[in-house]
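2 protein chains.
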Amino acid sequence: MPNAQEVQQLRKATGAGMMDAKRALEESNGDFERAQELLREQGLADARKRSDRTQTQGAVGSYLHSQADRPVLGVLVELASETDFVAKSAEFQRAANDIAMHIAAARPSWVKRDEVPDDAIEKERQLIEAQARNEGKPDDVIPKIVEGRIGSFYEDYVLYDQTFVNSEKFDGTVGEMVDQLSAQMGEHISVNRFVRVGVGEGVTE
Amino acid sequence: MPNAQEVQQLRKATGAGMMDAKRALEESNGDFERAQELLREQGLADARKRSDRTQTQGAVGSYLHSQADRPVLGVLVELASETDFVAKSAEFQRAANDIAMHIAAARPSWVKRDEVPDDAIEKERQLIEAQARNEGKPDDVIPKIVEGRIGSFYEDYVLYDQTFVNSEKFDGTVGEMVDQLSAQMGEHISVNRFVRVGVGEGVTE
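Protein chains in written order, with the numbering used here: chain A, 1 to 205; chain B, 206 to 410.
The following block holds chain A by itself, in its conformation from the complex (with noise of 0.2 angstroms):
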């Protein structure tokens, strides 16, 4: 059995209930670090299961680049929460602000995979397929090569799969950066779209 003290310091350490903190440590076997993981995979969990409740809450992240004395570039993100307690927080607000500065360096054209339209999907399988028979590749190994790269492709123009551009403030994907943050304030979180207008550009939502 752990103990109080121990317990405390993990729902300190965590945020979780005291439940739940004696259970981790039980089935950590009291091992301290071994129980914050598990609270943090079960969190991810709880987030993810929460993932059809209402989110009518958020806030508007912004980021403006300015070049040669004005702004030429804006971006806008709608960071969606279920209660206006957890958009109101600083932490949740910060990353609604990341989450735009990402966007105007990489320039994303969806948020999620299942927002790619199927056409450009099958372009990019076909551009795959021919690149890889020109190099040469055997007939019996392109699916897999196409299974492969077109990974890359999602990496390259889906924003929760590609990596947080400030590794310093978060090293992983966008998507695993909100699912984190779905998982300390305890609800669902997402990026529900972004805009993006550069001088001269046209729009990319």
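To be clear, the hints were calculated from the coordinates, so they are not data collected in a lab. Think of the CB as a built atom: it goes at the ideal place given N, C-alpha and C, for glycine as much as any other residue. Don't take every hint at face value.
[Stated by the list, open to error] Here chain A is said to cover these stretches of chain B; the calculated rule only asks that three of the stretch's residues, wherever they fall, bring their Cβ under 8 angstroms from a Cβ of chain A: (1) 287 to 295; (2) 316 to 328; (3) 395 to 406.
With chain A fixed as given, assemble chain B onto it according to the hints.
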């Protein structure tokens, strides 16, 4: 013949060139107010003539509206100019931000009339016609009523036709405000596009 001092004064007041100022004073028979008006008209005409010149410069105007301690609405607008000299000016950037603020408040759907899709106008016409019939208007005046009321439709949903929300700053439509800036700066200026992101709202472009 206008004297050099008058010409100088007019140039100072309007930013016009020497020859333009002289000609305006000649045309107005030395009436200073009228000369100013002539130059303003000329400026507008010139700016319109230039409207087919390439606009590759500009600035992004922005506005964020906060509520309950977090930004819940953001607007970005691309104000285009011909040169970066104009785009860099404080006046141009102030106008871009003013227009973004206006868009947040007035919720236009399109920048200019020619962007309104034909079917949106057709639907509106049918609605007005049905209303007029309900009001018992005789058949022969209905086309006139439709034309009149379609004007209010534009004033409600087309940015350039909307009355600028802050009449203390500018008394007129947003289109007139942009025209005035154009005349003043001596080059073609226009709103290229805008986007609006509100929490729980969806995107309007």
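Inset, instruction - Could you check the structure against the hints above and give me the numbers of any it violates, in ascending order? - result: Failing hint: just 2.
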